[in-house]
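Top to bottom, those sequences are chains E and B.
Under the working numbering, the very last position in the first sequence is 141; numbers go up by exactly one each time.
Under the working numbering, the very last position in the second sequence is 140; numbers go up by exactly one each time.
Just so you know, the hints here were simulated from the structure itself, not pulled from any lab data.
Given the structure is predicted, the values throughout are model-derived calculations rather than measurements.
A portion of the hints provided could be inaccurate.
Said to hold, decoys possible - Under 7 Å between C-beta atoms, here's a sample of chain B residues computed to sit facing chain E:
1. P26
2. A61
3. H63
The beta carbon of each residue, even a glycine, is placed where N, CA and C say it ideally should be.
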Amino acid sequence: VPAIEIPASHRDLLDTQVAVLATNGADGSPQVTALWFLFDDDEGLRLSLNTVRQKTKNLTANGNATLFVIDPANPYRTLEIRGSVEIKPDDTYAFADRLGSKYGTDLRTIDQAGESRVVVTIRPTRINTYG
Amino acid sequence: MELDEIKAETTRLSNWAHLATVGADGNPDVVPVWPAWHDDKVWIFVHADSVKVRNIAANPNVAMHWQVDESGDGVELWGTATVHGDAETKGRLWNGVFTYSLDDFAPDGPESDANCFIAVAPQRALALKQYGMAGRDTWRAA
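The whole structure should be built from the sequences, with the hints applied where relevant.
Now the structure itself:
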């Protein structure tokens, strides 16, 4: 199955700093939250999530998610990426460090002792653009 | 934290919020909306044939997130949604509740069946400072 391409017309929105991620919980209730992300052409769209967070639990229960980005300069111009997720452990913080460097933050300083992180890769199944 | 504080924080953060609903396929849908608080509920003006209206008819559980500011402050909210297309509700909300003119988006006015309102009765909210790194406060309905 060929990879779904991000349309060139809205590719710049993946240069923004913050996206929102919508997930569904095991009880059928959605969650939507702002988060940091990393996108590159080789690895695609990836997130670093602390395993104690609700969104991580939701993705474990239901591996489908929607990532949404609004153009900060024009809220009527948006990029919606719907997809399934692949979750892998990041016990060494190898990916968390890459993501943290984008934002000038050491993600270890955010996490509590004993907590761990995973790398979540979003595999797009549908992309919608507006504006 | 009190609901009035959640209202004030959402108003401070942004006119815009994201609304997440659950699709018929069990997957999340998220769209940007421009809501307004009224009678301790969040109201959203929508097209009656929109995906979010269909989703809410099947599953009334929704979540919202007010767009973060530059510091990363934000508000997440969970609630139960209902859809209102009746004349009384439209007459009550059409003028003076939203911070934009509904007529600009619905020139046929409140009499048209093409538009309606979503009301979200909040059950729980979370106010985050700097993405939660600088603290978080919660509110729950009694």
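Task: Which numbered hints fail - done: Structure breaks no hint.
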